[in-house]
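Engineer: As a plain string of letters, each chain reads:
Number of protein chains: 4
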Amino acid sequence: MKTTILINCPDQSGIISSVTGFIHKKGGNIIYIDQHVDKEAGVFFMRLESDFEKNIPAVKNLKQEFENELAQPYQMEWSLHLGSVKPKMALFVSKYNHCLYDLLSRYNIGELEVEIPFILSNHSDLEYVANQFEIPFFHVPVTKSTKDEAENRQLELLKEYQIDFIVLARYMQIVTSKVIDNYPNKIINIHHSFLPAFAGAKPYHAAFERGVKIIGATSHYVTEELDAGPIIEQDVTTVTHAHSIKDFITKGRDLEKIVLSRAVKLHINRKTMVYNNKTVIFS
Amino acid sequence: MKTTILINCPDQSGIISSVTGFIHKKGGNIIYIDQHVDKEAGVFFMRLESDFEKNIPAVKNLKQEFENELAQPYQMEWSLHLGSVKPKMALFVSKYNHCLYDLLSRYNIGELEVEIPFILSNHSDLEYVANQFEIPFFHVPVTKSTKDEAENRQLELLKEYQIDFIVLARYMQIVTSKVIDNYPNKIINIHHSFLPAFAGAKPYHAAFERGVKIIGATSHYVTEELDAGPIIEQDVTTVTHAHSIKDFITKGRDLEKIVLSRAVKLHINRKTMVYNNKTVIFS
Amino acid sequence: MKTTILINCPDQSGIISSVTGFIHKKGGNIIYIDQHVDKEAGVFFMRLESDFEKNIPAVKNLKQEFENELAQPYQMEWSLHLGSVKPKMALFVSKYNHCLYDLLSRYNIGELEVEIPFILSNHSDLEYVANQFEIPFFHVPVTKSTKDEAENRQLELLKEYQIDFIVLARYMQIVTSKVIDNYPNKIINIHHSFLPAFAGAKPYHAAFERGVKIIGATSHYVTEELDAGPIIEQDVTTVTHAHSIKDFITKGRDLEKIVLSRAVKLHINRKTMVYNNKTVIFS
Amino acid sequence: MKTTILINCPDQSGIISSVTGFIHKKGGNIIYIDQHVDKEAGVFFMRLESDFEKNIPAVKNLKQEFENELAQPYQMEWSLHLGSVKPKMALFVSKYNHCLYDLLSRYNIGELEVEIPFILSNHSDLEYVANQFEIPFFHVPVTKSTKDEAENRQLELLKEYQIDFIVLARYMQIVTSKVIDNYPNKIINIHHSFLPAFAGAKPYHAAFERGVKIIGATSHYVTEELDAGPIIEQDVTTVTHAHSIKDFITKGRDLEKIVLSRAVKLHINRKTMVYNNKTVIFS
Numbered sequence: 513m514k515t516t517i518l519i520n521c522p523d524q525s526g527i528i529s530s531v532t533g534f535i536h537k538k539g540g541n542i543i544y545i546d547q548h549v550d551k552e553a554g555v556f557f558m559r560l561e562s563d564f565e566k567n568i569p570a571v572k573n574l575k576q577e578f579e580n581e582l583a584q585p586y587q588m589e590w591s592l593h594l595g596s597v598k599p600k601m602a603l604f605v606s607k608y609n610h611c612l613y614d615l616l617s618r619y620n621i622g623e624l625e626v627e628i629p630f631i632l633s634n635h636s637d638l639e640y641v642a643n644q645f646e647i648p649f650f651h652v653p654v655t656k657s658t659k660d661e662a663e664n665r666q667l668e669l670l671k672e673y674q675i676d677f678i679v680l681a682r683y684m685q686i687v688t689s690k691v692i693d694n695y696p697n698k699i700i701n702i703h704h705s706f707l708p709a710f711a712g713a714k715p716y717h718a719a720f721e722r723g724v725k726i727i728g729a730t731s732h733y734v735t736e737e738l739d740a741g742p743i744i745e746q747d748v749t750t751v752t753h754a755h756s757i758k759d760f761i762t763k764g765r766d767l768e769k770i771v772l773s774r775a776v777k778l779h780i781n782r783k784t785m786v787y788n789n790k791t792v793i794f795s
Numbered sequence: 513m514k515t516t517i518l519i520n521c522p523d524q525s526g527i528i529s530s531v532t533g534f535i536h537k538k539g540g541n542i543i544y545i546d547q548h549v550d551k552e553a554g555v556f557f558m559r560l561e562s563d564f565e566k567n568i569p570a571v572k573n574l575k576q577e578f579e580n581e582l583a584q585p586y587q588m589e590w591s592l593h594l595g596s597v598k599p600k601m602a603l604f605v606s607k608y609n610h611c612l613y614d615l616l617s618r619y620n621i622g623e624l625e626v627e628i629p630f631i632l633s634n635h636s637d638l639e640y641v642a643n644q645f646e647i648p649f650f651h652v653p654v655t656k657s658t659k660d661e662a663e664n665r666q667l668e669l670l671k672e673y674q675i676d677f678i679v680l681a682r683y684m685q686i687v688t689s690k691v692i693d694n695y696p697n698k699i700i701n702i703h704h705s706f707l708p709a710f711a712g713a714k715p716y717h718a719a720f721e722r723g724v725k726i727i728g729a730t731s732h733y734v735t736e737e738l739d740a741g742p743i744i745e746q747d748v749t750t751v752t753h754a755h756s757i758k759d760f761i762t763k764g765r766d767l768e769k770i771v772l773s774r775a776v777k778l779h780i781n782r783k784t785m786v787y788n789n790k791t792v793i794f795s
Numbered sequence: 513m514k515t516t517i518l519i520n521c522p523d524q525s526g527i528i529s530s531v532t533g534f535i536h537k538k539g540g541n542i543i544y545i546d547q548h549v550d551k552e553a554g555v556f557f558m559r560l561e562s563d564f565e566k567n568i569p570a571v572k573n574l575k576q577e578f579e580n581e582l583a584q585p586y587q588m589e590w591s592l593h594l595g596s597v598k599p600k601m602a603l604f605v606s607k608y609n610h611c612l613y614d615l616l617s618r619y620n621i622g623e624l625e626v627e628i629p630f631i632l633s634n635h636s637d638l639e640y641v642a643n644q645f646e647i648p649f650f651h652v653p654v655t656k657s658t659k660d661e662a663e664n665r666q667l668e669l670l671k672e673y674q675i676d677f678i679v680l681a682r683y684m685q686i687v688t689s690k691v692i693d694n695y696p697n698k699i700i701n702i703h704h705s706f707l708p709a710f711a712g713a714k715p716y717h718a719a720f721e722r723g724v725k726i727i728g729a730t731s732h733y734v735t736e737e738l739d740a741g742p743i744i745e746q747d748v749t750t751v752t753h754a755h756s757i758k759d760f761i762t763k764g765r766d767l768e769k770i771v772l773s774r775a776v777k778l779h780i781n782r783k784t785m786v787y788n789n790k791t792v793i794f795s
Numbered sequence: 513m514k515t516t517i518l519i520n521c522p523d524q525s526g527i528i529s530s531v532t533g534f535i536h537k538k539g540g541n542i543i544y545i546d547q548h549v550d551k552e553a554g555v556f557f558m559r560l561e562s563d564f565e566k567n568i569p570a571v572k573n574l575k576q577e578f579e580n581e582l583a584q585p586y587q588m589e590w591s592l593h594l595g596s597v598k599p600k601m602a603l604f605v606s607k608y609n610h611c612l613y614d615l616l617s618r619y620n621i622g623e624l625e626v627e628i629p630f631i632l633s634n635h636s637d638l639e640y641v642a643n644q645f646e647i648p649f650f651h652v653p654v655t656k657s658t659k660d661e662a663e664n665r666q667l668e669l670l671k672e673y674q675i676d677f678i679v680l681a682r683y684m685q686i687v688t689s690k691v692i693d694n695y696p697n698k699i700i701n702i703h704h705s706f707l708p709a710f711a712g713a714k715p716y717h718a719a720f721e722r723g724v725k726i727i728g729a730t731s732h733y734v735t736e737e738l739d740a741g742p743i744i745e746q747d748v749t750t751v752t753h754a755h756s757i758k759d760f761i762t763k764g765r766d767l768e769k770i771v772l773s774r775a776v777k778l779h780i781n782r783k784t785m786v787y788n789n790k791t792v793i794f795s
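Chains as they are written, first to last, in the numbering used here: chain A, 513 to 795; chain X, 513 to 795; chain G, 513 to 795; chain Y, 513 to 795.
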């Protein structure tokens, strides 16, 4: 049984040998270990993939022993994930279909180890895509006056379908703290600029106006401050004076879908940890 | 004789055929033509490389005829550059030597078609590099109280040596309008960030703080507003959570020197035009 | 009416002014001109986008006049394409769906100015994708003994649907000269390596074996020699020792679909010309 | 005292916990751990950076204990490197100066933690660069008839100056097994193509001929088979039909110097291990 453990705790000598010794003692074979120390903050991060021969019932004991022998003495925040459990991902979209198609075609060939219980949108334009892939679609319109009500409906659906994390695949609405607080570091957005440049609305227009020679896309966890959450993944492409804003948008679509998909895969594979509004991305 | 003509004027039908017809009539063979229309501004840009068999005395006539037959009817701003004339480039540096070495080693093997009459610095640290390459070095210290005097000295030297353009190869001083106004779109800076992100001081520290996954460098013409001039060239490189600020600085040096050198070569080869605080970069 | 003219001919002085003069005289406004001279071969290439106010009936005259006044004196090979005519593209696939989904989702949002009369495959696996997008699907199985017959069937369909060009979107069969000869420089393939490295079968396995640090994808026109036709577009991504062959394949899919789509768009927009087994790609 | 340990051995369960337990027991604080398993070959690789408070005399004991307690039971090949010892690097060059200047300017600002006892060349053209940086220069001409003698002289110098590794900074001579056998995986070459494409002479000419859209550079350890040794680092840049072979060469110089410098830094920082003609590059 493949198991992934994520740990962060105050840095001190001996953590690695203690943790690896524990895994070995419990009959686990360490497949991959990656660790990082934030020297300024004095914080230690670790991701461990192990293979245990034991059966699932033993996991509960393992967790308790880990808690007693390691987590408490080292003041760890930690989590253990079984390879056999697929996280549940909700997709929020508006009218653009490129990120949605990209994610669904990956899902379709088994590239993403998730379940997708539903797709939600404030418009009905993309219902046909949901139908193409036979995934339930919920149309939850949002207007200024109904925003609160709409978010209540979103929370209901998220709860009902036991959603683990949300992907905003070009969902053109601001998500408020009402939803964010229920999914801290569990909402992944794609912003169509090389953040922190051009945060907010119409980044391609702003990039065009400034005359940049490179445009980008940024996937990040959503926090209350707009486009200011922990960055998961970024990529860029070159542009020239000959490109119009429309060209920026077209070239940008390719960036957006690739960058968002990479971020989603990192999240699914438990390769991200968040600290101080920054991410540790394990290899 | 190789000749490069740069033109910008209000866009209208027939410019290209008029200009190419003129060149052909005067015995020139067009080697390369590149053109751009800024549709929003309604401005036409063109760069023409031609080969004339005529002798230099005829250039004067050619210019007069171009002025009468084309420039005036089409309201052109234009310039004609002879391939035989090398522009004179002054290098301003402070204490970092990577951009300086990179430019001088290119100059040394004939990659840059310029003369370098002198290197100027507010410190004497890099005098040894100037000596290695046997280029005159002027130490012009700058303090708050002597800034005005220092810029006077700079202008004297620039005039005395008939400098055509200035490269700030990590010159860590703000250049004021006193100098800029004498060299409009003739001062090339390298900023160690992906502008417009992280303008101003300590961009690597700011990038580290924000947790970006990509850092960049930007070469631009210097205008009065700090780090806001027309962008000539940009490039980026990936970073991870594992990189310290010191790593950013080290990786950034490679970006800075390559991006600055590319921008300098574009300028030398008359491949840049500036309009509305943006550049047209000809291919 | 937007019109694109492609020209190649022996290089000589005066072509550009003759052509641009002709366009101007006929009432056309040149929107974009791009030209290239292959100095070794002494061949001139040009792409001209013009806007004519005239009606379609006049196109016939225009073509005749161009032929008489320009094409014959300059020994041009040339073609004229009206912006109003969408080329017809056939898609050939096997079992992988990533390139197919990518192209169809672009088609779906109007990014590709083509018609797609049908999708053809040697397997029936991807019929469901054709159905999702409501495009006719033909299953034409290929075995060693039926290859000839299968290609006859392909040619029939290509002729019946008046196909202009074919895209091999991971079609895992070798196309013979029987088909190629009918579509010279009109069959676009995507090869999953950075050609000319790793031509032929299983390029990711070969790249893994060699221990490269970068993998690539190459889109090219199909010629009789396998993976040796004129290259249209290439791109690469980094890999490390930690990536397995399976990782190469997964990372490679993103390259393949983006590179193929770029090549298809260049072809659709008449931005490619082939000469001496190489391409000129207009900007 | 900073210490780096490199290990490779047959893969088996428990290695990581044994090694990290050993380091901890001996009073070392693990700063960084990176590990890799080549699953096909069944080989385990590890790089450990540790900080020991102990004095240098204790290192000898440490090594003996590591040998007894870990290396023998696990059949490890291993090495221990003290951060205080700078390796000695010899530079071999011919006539091109760009890689040489790039390495020396990095050395000059302390970016490379090495000593450079000498520069050697088969020509005297670059003696002036050695003089600029006040590094001994040896001119060892090589002709067909004197190659053997020249390599004897090289080996003498390498031995006399206790050289740890050699960098071929565009040294345009084939190095024979006579030298290679004395420096296995200790000779770093830069080849000006994206290997395995265009191995051997004149790769830019071959790339131009093939019409590629991307060119590359590859740094690798030298083995007897030409340009076929373990790849350390690669990078690429785009080219177009408009670039001449001369342009390829100019653009390539920037690639060559950056790629070679990265490879040299990886080697100096003990981040490379070689196995089965491939490299493991630690992060």
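Mixed in with the good hints, there may be bad ones.
The list cannot tell twin chains apart, which means a pair is met if one copy fits it or any two copies do.
Think about it this way: if two alpha-carbon atoms lie no more than 27 Å apart in a straight line, the pair counts; the simulated DSSO-like pairs of lysine-lysine are [unchecked claim]:
1. LYS598 with LYS698
2. LYS537 with LYS607
3. LYS551 with LYS783
4. LYS758 with LYS690
5. LYS551 with LYS758
6. LYS598 with LYS763
Hint data in this document are derived by calculation from the structure and do not stem from the laboratory. Source: prediction; values computed, not measured.
Engineer: Classify it for me, LYS598 with LYS763: is the Cα-Cα distance of at most 27 Å met within a copy, between copies, both or neither?
Structural biologist: between (33 Å within a copy, 22 Å between copies)
Engineer: What label fits LYS537 with LYS607 when the C-alpha limit is 27 Å: within, between, both, or neither?
Structural biologist: So LYS537 and LYS607 fail the 27 Å test inside a copy (53 Å) and across (46 Å) alike.
Engineer: Within a copy, between copies, both or neither: where do LYS598 and LYS698 come within 27 Å Cα-Cα?
Structural biologist: within (15 Å within a copy, 44 Å between copies)
Engineer: Reference check for the pair LYS758 and LYS690, CA-CA at most 27 Å: within, between, both, or neither?
Structural biologist: neither (35 Å within a copy, 39 Å between copies)
Engineer: Go through the copies and call it for LYS551 and LYS758: within, between, both or neither, with a Cα cutoff of 27 Å.
Structural biologist: between (44 Å within a copy, 13 Å between copies)
Engineer: Is it within, between, both or neither when you check LYS551 against LYS783 at 27 Å Cα-Cα?
Structural biologist: both (20 Å within a copy, 21 Å between copies)
The structure fails hints 2 and 4 (numbered hints given earlier, in ascending order).
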